[in-house]
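Undergrad: Numbering of the sequence shown is given in my numbering, commencing with residue 1027 and proceeding in unit increments.
Simulated from the structure, these hints should not be mistaken for lab results.
Treat the numbers as computed from the prediction; the structure is a model and nothing was measured.
There's no promise every hint is true.
Stated by the list, open to error - Subject to a maximum C-alpha distance of 20 Å in a straight line, what follows is the list of computed PhoX-like cross-link-like pairs (lysine-lysine):
hint	residue 1	residue 2
1	1129	1110
2	1114	1129
3	1150	1160
4	1129	1115
5	1119	1129
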Amino acid sequence: MLNLLTSPRTARTARSLLGTIAVAVRSVIAPASLVKDQAPTVETAPDPADVLTADELPATDAIETAAREYERAADQARRADRGKRAAKKVLDKLPAGIYGGWKVFRTPSSRQTPDLAEITRIFKAHNLGPVPMKPCAPSLKVERIATPAVDEALMVAVA
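The whole structure should be built from the sequences, with the hints applied where relevant.
TA: Spelled out as structure tokens, the structure:
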């Protein structure tokens, strides 16, 4: 019996129980202390060199239409990718053959990618330091935001 009270597992269980009790007490006394800052930090990349100048910008309506279409197409692509991944989970496990009206088979890819493990091995063998890497192109993101109501009297005054 004494062995059960002094085992490391009992100590971990007791610490875990005390931690749970402490969190429960804090949730009653100061619930805000349990919430971490969850504001998403969005890192932005610099604009590419070939962006339009202020004089070349299209009308705001054209930009809004393009952004709306981009968001719609991106959402459709995400849904299609999820469906494709779900179907691929099943199909990847099948041996090549004919299943109903579908032929399942594999073909070698013509694309190639650098063998980073081999490149790293060569760099280490010749004391060339770390493998040089370059960042990927930044991703274009589009997000709908609430626009402030514009006072029509102000618009007339500006025009």
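Undergrad: Looking at the structure, which of the earlier hints fail to hold?
TA: Per hint list: zero violations.
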